[in-house]
Amino acid sequence: MSSPRWIADPLLRVDRLTMRFGGLVAVNDVSFAVGRGDVTALIGPNGAGKTTLFNCLTGFYKPTAGRIAFSPSGLRDESRIEALTASSRRFWRDGGAGLFLLERMPDHEIAKKARVARTFQNIRLFPGMSALENLIIAQHVALTPASGYGFFGLLGLPIYRRAEEKAVAKAEQWLERISLRARANDPAGELPYGDQRRLEIARAMCAEPSLLCLDEPAAGLNNHESAELARLLREIRDRDRVSLLLIEHDMSVVMAISDHIVVLDYGQKIADGAPNDVREDPAVIAAYLGVEEADEAAAEAELERRPPQ
Amino acid sequence: MEIFLQQLINGVTLGSIYGLIAIGYTMVFGIIGMVNFAHGDVFMLSAFIALLLLLLLTQMLGLPAGLAFVPVLFGSMCLTALWNFVIERVAYRRLRGSFRLAPLISAIGMSTFLSNFVTVTQGPNNKSIPPLLNKIIPLTSGGDYDVTLSYKQILIVAVTAVLLAAFWFVVQKTSLGRAQRACEQDAKMAALLGVDVNRTISLTFVIGAALAAVAGSLFLLQYGVVKSSDGFVPGVKAFTAAVLGGIGSLPGAVLGGLAIGLVETLWGQYFSSDYKDVAAFSLLAVTLIFMPSGLLGRPDVEKV
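Protein chains in written order, with the working numbering: chain A, 1213 to 1521; chain B, 2 to 305.
Check each hint, because a few of them may be wrong.
[As the list claims (entries may be wrong)] One-sided and incomplete, this derived list gives chain A residues near chain B with beta-carbon spacing under 8 Å:
#	residue
1	Asp1319
2	Glu1345
3	Ile1349
4	Ala1350
5	Leu1355
[Unchecked claim] Taking lysine to aspartate or glutamate pairs in the EDC-like style, the calculated list, with each CA pair at most 20 Å apart, reads:
#	chain 1	residue 1	chain 2	residue 2
6	A	Lys1325	A	Asp1306
7	A	Lys1382	A	Glu1447
8	A	Lys1324	A	Glu1420
9	B	Lys189	A	Glu1321
10	B	Lys189	A	Asp1319
11	B	Lys174	A	Glu1384
12	A	Lys1324	B	Asp187
13	A	Lys1274	A	Asp1241
14	A	Lys1324	B	Asp197
15	B	Lys174	A	Asp1398
16	A	Lys1324	A	Asp1452
17	A	Lys1378	A	Asp1452
18	A	Lys1382	A	Glu1420
19	B	Lys189	A	Glu1420
20	A	Lys1378	A	Glu1420
21	B	Lys174	A	Glu1377
22	A	Lys1325	B	Asp197
23	B	Lys174	B	Asp197
24	A	Lys1382	A	Asp1452
The set of hints was computed from the structure by calculation and includes no laboratory data. Cβ atoms here follow ideal geometry from the backbone N, Cα and C, with glycine treated the same way.
Build out the structure end to end from the sequences listed, making use of the hints.
What follows is the structure in structure tokens.
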């Protein structure tokens, strides 16, 4: 059996990441990798440290310790990662897609340079702007130079108009894909909840990320909407070739689309593997269902048997 | 009736000037949630810049006053914008993210600095320009009162309308305006999507100052005099206009400006001109009792 993609061809690697808030250890010495082109799910009970980990990846928190290496073209060259770690630089961009140490970068640089996009557990669209505008603003980086920082736009120069038309076309294409074309001009805040979720994903995709991080994309969705979401995420992986990392509680979604599952509990990694292996794992079952005292000893023995990660 | 019509015209003229200043208040409040108390003094400063430019062009270069007004307006807009850009860099940017009152206090300090700076360099007295554009159009004749419309008034309202239209276009249709609205709603998220928040805020100050400079130049044209303490009262009135219209709302700022201008002139005509400021501020108080978020402001509904 060939080794799975997250070992053979990772694009993100988290090494011994720890995040402390005062005396509370939210993430404790966690290591895992995300395979290029995979859908990776990060699961675990409430308070397991999933969102904290996400916030470290996307630059909202500066981790207490550990390394987060990221390269859109894959992290095969170990010596390069070590060399960058030893230097004081945040990233290298010499040729190819570059190599980034996300724990050293501020959030907007992670979004702009490393092209890691994210969505939020509590949706963060621009509620007063139309659905279409929400998607256009995500293309702001590409649009700003063409608009001469606003002045060409004011004059209506063709260079700006062409760039603007391109941005609108892309935004409309995405509205089509999430079946919101008819509501393009409605304020995003007035859309139904499920539509807002899909719109936020589309907005993240308009920024052309190489890794898309989704924080509970199926939260609050009904069965039909969840199925729709799973279809969209699979399409993003297969058609747009974007790797996905998601936090999710809805197991039907996780099992339907994940290639790889990482399980956290109390800030520690308790399982890591293909969906079928993880599903059968006694430690995972214990963490999720709670255990009788007799079973607890067995679960603990199981945990001890594992080498510390 | 004739007098009412005349005061209506005067009120709209005054209201246009208030509206232009009020936009600066409302935009800055919208984007960084700060009341820029120095904005009235930026307006006064722009009137002085216009005055100096006008005297320079007419006295030293001998341009006819009517012709000189266009470069004066443009020059005043550019220089005032530069001033406000520097003010934001020096006095506000470093305080962003500290506690809420810090930039406010800094703005009050900047206001004091500007008015004193102008007092020291230009003297505390009225500075005047030779009268410009004195032609008037009689609208009615033969009654006991002749209603007139001066070229100045037409110019003021026309310039205001054209600039507001251009400004509206920028905010609604260009990527700069889009970035500005995005920063207003969620600056952190906008930054994540690649919007340069600091630059967007700088540009907001630049645009606000340019509009205040238009108001300053038109104020100078209309009244012919300006002095260093002239920033305070129009500034407070324009701020009132912004709050009345719903702070954060651009059409609200213009509507509020017109309302304040009209109330002030009409009250001055029919009741007592000593109490016209009282009337303007009372209007604000009464409106806020019944419409706490102003005429066009949207109430902040927190979703739970």
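(message) For a C-alpha distance cap of 20 Å, please report whether Lys189 of chain B and Glu1420 of chain A respect it.
(response) Measuring from Cα to Cα gives roughly 19 Å; hence the hint holds.
(message) Between the alpha carbons of Lys1378 of chain A and Glu1420 of chain A, is the straight-line distance 20 Å or under?
(response) Answer holds: Lys1378 of chain A to Glu1420 of chain A is near 14 Å, not above 20 Å.
(message) So if I understand the rule, the pair passes when the alpha-carbon distance is 20 Å or less; does Lys1324 of chain A with Glu1420 of chain A pass?
(response) 10 Å, holds
(request) Could you check if Ile1349 of chain A really has its C-beta closer than 8 Å to a C-beta on chain B? (result) 5 Å, holds
(request) Decide if the proposed pair is consistent with the structure: Lys1274 of chain A and Asp1241 of chain A, CA atoms, cutoff 20 Å inclusive. (result) It holds: about 15 Å lies between the C-alpha atoms, which stays within 20 Å.
(message) Against the 20 Å threshold, does the CA-CA distance of Lys1382 of chain A and Glu1447 of chain A hold or violate the hint?
(response) Given that 20 Å is the threshold and the Cα spacing comes to 16 Å, the pair holds.
(request) Take a quick look at whether Lys1324 of chain A and Asp1452 of chain A sit within 20 Å of each other, Cα to Cα. (result) Satisfied, since the Cα-Cα distance of roughly 19 Å is no more than 20 Å.
(message) Holds or violated: Lys1325 of chain A and Asp197 of chain B, Cα atoms, limit 20 Å.
(response) 13 Å, holds
(message) Just to be careful, I want the Cα atoms of Lys189 of chain B and Asp1319 of chain A compared with a cutoff of 20 Å; is the pair within it?
(response) 9 Å, holds
(message) Interface hint check: Asp1319 of chain A, Cβ to nearest Cβ on chain B, cutoff 8 Å. Holds or violated?
(response) 6 Å, holds
(request) Take the C-alpha atoms of Lys174 of chain B and Asp1398 of chain A, compute the straight-line distance between them, and say whether it is at most 20 Å. (result) 16 Å, holds
(message) Next item in the hint list is Ala1350 of chain A. Is there a CB on chain B closer than 8 Å to its CB?
(response) 5 Å, holds
In summary, this structure violates none of the numbered hints.
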